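Enquirer: Hints are included, so try docking the two chains, each in its own frame, into the full complex.
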Amino acid sequence: MPRKQESTAVRLHLLWCVNHLVLFPYQHLLSALRSSVCCCHLPRVGTQPTLTLYVVPLHWYDEYDHIGYDRSGSKVMKRADGTGNGIDAALNARDDPNYARTVYDAYNDREVTLTDRELEVIRRIQAGAFPHPEFQAYPDYVDYFTHEKQVMPLEGGDEPKRRFIPSKWEMMKVHQLMKGIREGRIVVNPKKKVEEDSYAIWKDDDDIPEKHRGPMHIPAPKIPLPGHAESYRPPKEYLLTEEEQKQWEEMDPSERPTNFIPKSFDSLREVGAYGGFVKERFERCLDLYLCPRAFKRRLNIDPESLVPRLPRPRELKPFPNALCVEYKGHAASVRCIACSGDGQWMATGDDNGLLIVWEVDTARAAQRFDLSGYGGIGAMEGVVGNKGAPVKWEALVSATVKGKGRRRAAGAEGSDGEVGPRVVLRCEREVCCVTWHGKGDYLASVSRGEDRRAVMIHQVSKASTQCPFRKTKGEVQCVKFHVSKPFLFVATKQQVRIYHLIKQMLVKKLISGCKWISCIDVHPSGDHLIVGSYDRRVAWFDLDLASTPYKTLKYHTKAVRAAQFHRHYPLMASASDDGSVHVFHATVYSDLLRNPLVVPLKILRGHEVTGGLGVMALVFHPRQPWVFTAGADGAVRLFQDV
Amino acid sequence: MDFGEPSDDEADAGKVRVKFVTKVPSIRVTETPVAVPESLQRYGLSEVVNHLLGRDPPTPFDMLVMGRFLRSSLRSVMQRHALSGEAVLEVEYLPALRQPTEAEHADQPDWVSAVAGAGAGLETFVTGCYDGCLRVYGPGCKVTSLEKAHQAPVTALCAVPSLAGGRPGGAHAAGFLSGSKDMTARLWRRAGSGGNSSLEAAAILRGHANSISAAHAAASGSGDSGGAPRAYTGDWSGHVCLWDVACLEGGHADGDDAQGTKRRKTDTGAAAAAAAAVTELTPLASFRAHAQAVTGLAGPGGVGRPQTAAVVVPSSTLYSASLDRAVKTWDAERQDCLHTLNAPKAVTCLGCSDSGRMLATGHPDARVRIWDTRTQGETLTRASLSSHKQWVTGVKWAPGSETMVLSCSHDGSVKLWDIRSTLPLHSAQAHRGKALCCGWQDGKIVSGGEDGAVKTYVVPERNHD
Numbered sequence: 001m002p003r004k005q006e007s008t009a010v011r012l013h014l015l016w017c018v019n020h021l022v023l024f025p026y027q028h029l030l031s032a033l034r035s036s037v038c039c040c041h042l043p044r045v046g047t048q049p050t051l052t053l054y055v056v057p058l059h060w061y062d063e064y065d066h067i068g069y070d071r072s073g074s075k076v077m078k079r080a081d082g083t084g085n086g087i088d089a090a091l092n093a094r095d096d097p098n099y100a101r102t103v104y105d106a107y108n109d110r111e112v113t114l115t116d117r118e119l120e121v122i123r124r125i126q127a128g129a130f131p132h133p134e135f136q137a138y139p140d141y142v143d144y145f146t147h148e149k150q151v152m153p154l155e156g157g158d159e160p161k162r163r164f165i166p167s168k169w170e171m172m173k174v175h176q177l178m179k180g181i182r183e184g185r186i187v188v189n190p191k192k193k194v195e196e197d198s199y200a201i202w203k204d205d206d207d208i209p210e211k212h213r214g215p216m217h218i219p220a221p222k223i224p225l226p227g228h229a230e231s232y233r234p235p236k237e238y239l240l241t242e243e244e245q246k247q248w249e250e251m252d253p254s255e256r257p258t259n260f261i262p263k264s265f266d267s268l269r270e271v272g273a274y275g276g277f278v279k280e281r282f283e284r285c286l287d288l289y290l291c292p293r294a295f296k297r298r299l300n301i302d303p304e305s306l307v308p309r310l311p312r313p314r315e316l317k318p319f320p321n322a323l324c325v326e327y328k329g330h331a332a333s334v335r336c337i338a339c340s341g342d343g344q345w346m347a348t349g350d351d352n353g354l355l356i357v358w359e360v361d362t363a364r365a366a367q368r369f370d371l372s373g374y375g376g377i378g379a380m381e382g383v384v385g386n387k388g389a390p391v392k393w394e395a396l397v398s399a400t401v402k403g404k405g406r407r408r409a410a411g412a413e414g415s416d417g418e419v420g421p422r423v424v425l426r427c428e429r430e431v432c433c434v435t436w437h438g439k440g441d442y443l444a445s446v447s448r449g450e451d452r453r454a455v456m457i458h459q460v461s462k463a464s465t466q467c468p469f470r471k472t473k474g475e476v477q478c479v480k481f482h483v484s485k486p487f488l489f490v491a492t493k494q495q496v497r498i499y500h501l502i503k504q505m506l507v508k509k510l511i512s513g514c515k516w517i518s519c520i521d522v523h524p525s526g527d528h529l530i531v532g533s534y535d536r537r538v539a540w541f542d543l544d545l546a547s548t549p550y551k552t553l554k555y556h557t558k559a560v561r562a563a564q565f566h567r568h569y570p571l572m573a574s575a576s577d578d579g580s581v582h583v584f585h586a587t588v589y590s591d592l593l594r595n596p597l598v599v600p601l602k603i604l605r606g607h608e609v610t611g612g613l614g615v616m617a618l619v620f621h622p623r624q625p626w627v628f629t630a631g632a633d634g635a636v637r638l639f640q641d642v
Numbered sequence: 001m002d003f004g005e006p007s008d009d010e011a012d013a014g015k016v017r018v019k020f021v022t023k024v025p026s027i028r029v030t031e032t033p034v035a036v037p038e039s040l041q042r043y044g045l046s047e048v049v050n051h052l053l054g055r056d057p058p059t060p061f062d063m064l065v066m067g068r069f070l071r072s073s074l075r076s077v078m079q080r081h082a083l084s085g086e087a088v089l090e091v092e093y094l095p096a097l098r099q100p101t102e103a104e105h106a107d108q109p110d111w112v113s114a115v116a117g118a119g120a121g122l123e124t125f126v127t128g129c130y131d132g133c134l135r136v137y138g139p140g141c142k143v144t145s146l147e148k149a150h151q152a153p154v155t156a157l158c159a160v161p162s163l164a165g166g167r168p169g170g171a172h173a174a175g176f177l178s179g180s181k182d183m184t185a186r187l188w189r190r191a192g193s194g195g196n197s198s199l200e201a202a203a204i205l206r207g208h209a210n211s212i213s214a215a216h217a218a219a220s221g222s223g224d225s226g227g228a229p230r231a232y233t234g235d236w237s238g239h240v241c242l243w244d245v246a247c248l249e250g251g252h253a254d255g256d257d258a259q260g261t262k263r264r265k266t267d268t269g270a271a272a273a274a275a276a277a278v279t280e281l282t283p284l285a286s287f288r289a290h291a292q293a294v295t296g297l298a299g300p301g302g303v304g305r306p307q308t309a310a311v312v313v314p315s316s317t318l319y320s321a322s323l324d325r326a327v328k329t330w331d332a333e334r335q336d337c338l339h340t341l342n343a344p345k346a347v348t349c350l351g352c353s354d355s356g357r358m359l360a361t362g363h364p365d366a367r368v369r370i371w372d373t374r375t376q377g378e379t380l381t382r383a384s385l386s387s388h389k390q391w392v393t394g395v396k397w398a399p400g401s402e403t404m405v406l407s408c409s410h411d412g413s414v415k416l417w418d419i420r421s422t423l424p425l426h427s428a429q430a431h432r433g434k435a436l437c438c439g440w441q442d443g444k445i446v447s448g449g450e451d452g453a454v455k456t457y458v459v460p461e462r463n464h465d
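Chains as they are written, first to last, in full-length UniProt numbering: chain E, 1 to 642; chain V, 1 to 465.
Next comes chain V alone, as it looks inside the complex (with noise of 0.2 Å):
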């Protein structure tokens, strides 16, 4: 125990004045600033509160000293603000968050390209191949159901969140949505649960004149009153198409055809029976987005968000990002570009917050940076994450967090993020060879790579009791 008894003379120089405050009123210790020395790190600040509070096997704590994780000692801190000893220093504490731990692993024939969770409460996430195949995740990491859907590698995959209820932005996935280099994407309906979890073909998306390179959907429109199920979809060319896919929702064309949305039938006569379900849909609106590849559509209101997270911009709004270093801020129902914010260096994957406020970008010079779309300027990021080796190949803001952020990279690594800090939190090395695909499935992290595994990891709930 070393963290300043009075009697220990000889570090009385470099001590500080810390006051201990959290959020968690469970694990609240008094508020009456305490004397450490200023060579402390966190571990030895977590050793403080764990002594304050009584805990014989202490449990870790990370400290947030003005707003940033503590990751140096307190001397740098003071140092790097200029604060004088004398003054107290408020130190915010909070239960750290443990390593999360490997799961399940299952293995695939091609490379894993995409993948995309169910919602909270389900244990179902559907992975994109390489040979063209989506494959439904159930319990215990088992595939469900294996649907044939393109004829080229799947290279965009994203839950289409249910309208059930009116609520905007559902905590379930209705169902998904996939991009291919073959120029289409399709629409499949969630069938079934649990163990037996599969998919439908809902629709076929024809309008793209190039390979499908991102995909997004959202409960979009105007108003709670009942936004209409929005997908966006991006290509190499930097074309985003926007679709309506109310159909998943109405299950079957003929409520759909009352809505009067643009869609035909592929089929006629006989064969209508048959292909009743699949229908191919038509672009809402196609419009040339960026002068490259579009590599990243995000908004708010995905899959997955707690019912009590505030979308704080409308929900219209759809983010995308290029390879031409731009990333933009469309309203999505006019096609109109609100924002552009320009990045130093080509993105390629892009992640939203549930508020739909904070961005995170990941760029070939294995760096991720975080946006704040608040600010004004084009070029200000609230912070450039390094720790990548290569080429980062996915982001993917956490579900109910406004802080914490995945990525993966070429490298074969998957890191979780604090954007308070810009060391990650943890780190995984997923994958032989390149990790190519990452998110989030209900608390876990789900990652896919070109060795063709697909690896699921607990992230463990922060410990407050």
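Isolated chain E, as found in the complex (with noise of 0.2 Å):
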């Protein structure tokens, strides 16, 4: 049975390959059918073979009446018959009722008689189709959960009913979308941008785009050029002598200020070769390699650009620019100057307790008077009074530092024949600044100290004397009073503090950012202030914006001293101990929302710095572009505009 199986197999090969590939010889074919076809397809292929036919062509024993041999080593002889002639095949085609389905085994030298089993998977394979009859291809799907039914499922309630309803968010974002489509926010299927992939080769680099470029270029540093020195003939100062030739060979390789020594040659056709040609092409193509090169993006802006646009000096006259007059007649440091109203009259004080009221235009000492008893002059202005105001005329406070401050009428004391101080005010402490409202019946002065005697108002029509403030925050230096409102401008060390006079309440408080505060001053429009300060700087404030400075403006070396607004004129100026006047031109607009104009126009010298203090005071003329500065060398001067 097992050598039927066999002999089966092999006939089922060579059949195969008589339909298909007959050429093959038949060894081969089956040496491959056996490495390539599977155990199960061929269940009777795998029983020992009888003949140890194989290893050898079957054409050998063709000469042989024997075909083989078997285990014992016996032949195995061919068949009587052998291969028979026509005529017995035919009659057995006759009298064989199994003779179509009978095939011829060369190997075993047998008849093989096919099963019905073995025709039909001659026939599948024919067809194409799996072997086996038995193999299912297309079993049926058989759910692996839910092909047994169970009487009590897990889980499987009612479908709800939104499964089978239209869905309203679903609806929601279709409206959404056609409404987007029709109003041409979502386009549907968009062209896609073809970019250009193809350019003009010829273009300027600058319109092709940056992607199309190449690398750029970076071109090497280029060599510098030969001096005097590499000259095959070179004057005689570049030759080295002996002594500077030894040197040179002494030195560093890398220290030589040449890498080669000069030599004088009398014609260019004695000149050999260069020796270190080759070496210094090698050290050159080095340094192209090894350093690497690369575009430094410099930032290419004109300084001038950044620079606010400011008018002209020029555009903006009138303001002073030259000295005119010199008042001379002070022998100490003049501390503070006041200007009548009409420009006719200018006082000033200094620290030995001289009060001077001078003529403006021809600088006559009008009047001396000499108040050393109580002690130097430290602030004084002056007021034009009002028809009804109680101060008939213009009126001059003066303070000094004794402690005693003290006021006068200057301007009518020729009518009335009194000369000298009408009302001396006594404060406890030395009074550091005086201040005039402005419609001369209120007079506000500070002293030293932080208690509320610190700052006092003084009424002149009624003679009397209050203080505003139960203690002050911080020491006073000095207070203002509002052009048009009633507040009161408190400056202490570091701030600014404005009081409502008549609510008596706080209403703002400046943080100057300086550091001591030495004068303040308002703008006659009443919207700024001004803070000059010891540390050099001068803040302008806008009263209608933040609490800190708009501007502050650090042009001085040293303490600021004074700064002034004029009155009438878009002027302002600072007085500093480096002996310097500062004059600016200063717009405010009435349009809120420029910013105000400052542009710096003059510096007027002229005092000398004398014991660390320079100009001391400084005040404009109340109708012309003028300005009196005074200064610690004890000279008062007018400039004015040429």
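Take the hints with a grain of salt, since some may be wrong.
[As the list claims (entries may be wrong)] Result set (BS3-like, lysine-lysine): computed pairs, CA atoms no more than 25 Å apart in a straight line:
1) Lys389(V) x Lys317(E)
2) Lys317(E) x Lys328(V)
3) Lys462(E) x Lys317(E)
4) Lys328(V) x Lys328(E)
5) Lys439(E) x Lys462(E)
6) Lys515(E) x Lys485(E)
7) Lys222(E) x Lys193(E)
Just so you know, the hints here were simulated from the structure itself, not pulled from any lab data. Computed from a predicted model, the values in this text were never measured in an experiment.
Expert: If you want it as structure tokens, here you go:
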């Protein structure tokens, strides 16, 4: 049986070969089949062959009457009838009912009758189907989980209703999309922008997009041109002396000023080959190769364009720019100036207590008052009295350092013959600041200290004095009245507080950013304030805006002693211990959206710095674009516009 | 003699033909054009004229080309006016004004702040001083009279012209008007003559509320029929007061009341006899002329004007200048501002020519500006004369001249200008310190200054011989 099985398999293969590749040698076919065909397809193969026929070609046995050897080594003889003849075959075909299914097994030299199953397998192979008839290529699908119907299913209630009705949210989404499409917001199947892949290669580099340009060309740094020393006949001074040559040879090659020794030849013909040529080329190549080159992007901004565009000072005339009159008479440093309202008189007070009233136009000392009994004069301010105001003419108030404030009427002294102080107000401590209210009835004075007597407001008509503050927060430096509103500006060392005098409340607190305020002045419009400080800066406050400075001017090199606005012209000036007075153009626009324009115009010099003190006081002429300055050198000067 | 002889062929290229003309018949030369080098200046042309006149001691001549004094070479003038070298250049020549010579000198105890002359033919002038006194100077610069006029410095002083014979703008002063920082002005009658001329107090003028800074007096009124003498004073608040000073001519108060001017006696009862002559006047009108101090008042018809000078503006015209930079023309009788000229800088002093047509103003920027009132613009100046170093304190137009101006300055100098040239004709360092005032008296220049000195300079006549 095993033998039969084996021979069947061989026949099968033979048939298969006859049908397809008849020309293949039989043995090759067999080995190929053996190695490739699966055992389960050919169940009979696998039994041991009885013959050892496999190792030699079959035709080697053509001349013999055996076809091989069995295991015992005895020959297996060919069948007696051999291949038979045609007649026998025809007779057999008639007699044998199984002739149609009988095939010849050449290896075993026998006839094999194929079973029905084998025929079926052959047919299936020929048809290209799976050979085994029992193999199911497409079995029925069996659902792993649900093919078994359970009585009590684990899950699976009724289907919810939403599975059966159209979705509301989908509808909304669709409507949204429809609307978008109608409005053109959403483009269905937008045409993709086709980027131009082609470009003109002769275009300028600037027109070509970056990605199409090649790597940027970075030219190699140029070799410095040869100088006179490299000439074949350099001037004598380039030739090295023996000492220099010795020195050159002793130097490290990297430290030598030149890498050659200048030599002189009579003619170019005599110049030999350059010995260091290869080395020099090599070093050059090393330089180019080892030193990476890169483009450095340098910011190419004109520094002028960053400076804000300001009008030229020439266009902002008039402003004081030239020394005009000098008022000579003080021996000590002058600390304060005041000017009368019509510009006829000007008064100065010095440290010795000398108060001089000057005629502005002739520089004549019209009157001198010796107040040395009260001490030096520290502060002074003049005022123009209204007709209704108690101060009939013009009054001048001066404060002295010994703690006695005094004031007197000036201008009218000629008419009634009374010359000298009209009223003496005795403050307890040294008075450092006096200021008039614009109407000329009220007068504020500042004494050193932080108690209620630091700031006092005196009313001239009633001869009364009020102390508006119980105590001051910090030492008060100076005070000013607002031009039109009942406000009082109180400057301490670092802050300026604005108080409403009628409501008796704090309106605003300005933080100057300075360390020690020296002076303040209110713009004639009442909306702006300048603050000068001992730490060299002048801060400009816009009272409608923040409580920090709109602008801080740091032009002085030493402490700012005085700063003032002009009452009529758009001018501002600041005086400093560096001996200079800076004049600024200061336009304030009525348009609230425009910032004030501050333009530095002129630096007025001339005062000498004496004992570290420069210009101590400054006041503008009430009507003209002129400025009076007084310095520690005792000089009083008038600068005017020319 | 290098004025271009024909033989001088090397300078032939740069020659110009000039025709010498003059308005003085006695020095007229041929009008045939003469070729002279272009490089010639005034001195060279003067030599040419002297040569043509055959004067042996040559006399200097001033040359006028295109209406301007020649102060550079002919070439630069031709370049400036783009003249062709082929054209004949007309050069007017006139005898040069010689350097004024310092004549007399007097000292005062305080600063001299104002000066006024008494008119042609008299050797009298009055000065105002910071001690409040008026000093009358006679011949030889001797003080003939001293009046303690004011409590405060005298700041304004002017001569009041007389109406003798009904002539308006008489040559002599009938009196003087002084203004002071004590807010009053005083009127003084001139008495005596020559060596014993003195002042009599005529009236106190009260009406100002601030220091008086300017004064002017003129024969005003309507027409020639007999204008009333008018005085004007300006103060530091910008007000101008108009005064009727007819009391000066009338002699005493008796006649004045009949004229119906506004005045009142200061005295009552027994004191009347003593102070009969001193009346207290109130202004005819007071008006705010300027926003700031009135620093100058001037008008046609001042004292010292020659009778021949023609006044081309109405006699009631008043010019006022102020620190507010305006120079205003007023019809003084109606207090009506006719025209306003705007100066580029504050005006500190004002002078008016005899005809009333030309104005000169001094400024703190050391310039003297010349104005022609006939021009219609508001800012047009005829000339801006800059040679002073400091604040100009006074300008006075020369009597009888339409071109000559005197100015003084804080730098102590007194300068004589001809408005046809931007360089001064002559300059004198008259004072140590500031020169505060200057004036004319009968062909002489009088100046006063900070050093308390009063100096007179004799201006030589233009020698026509």
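Enquirer: Output the numbers, in ascending order, of every earlier hint that fails for this structure.
Expert: Violated hints: 3, 4, 6 and 7; rest satisfied.
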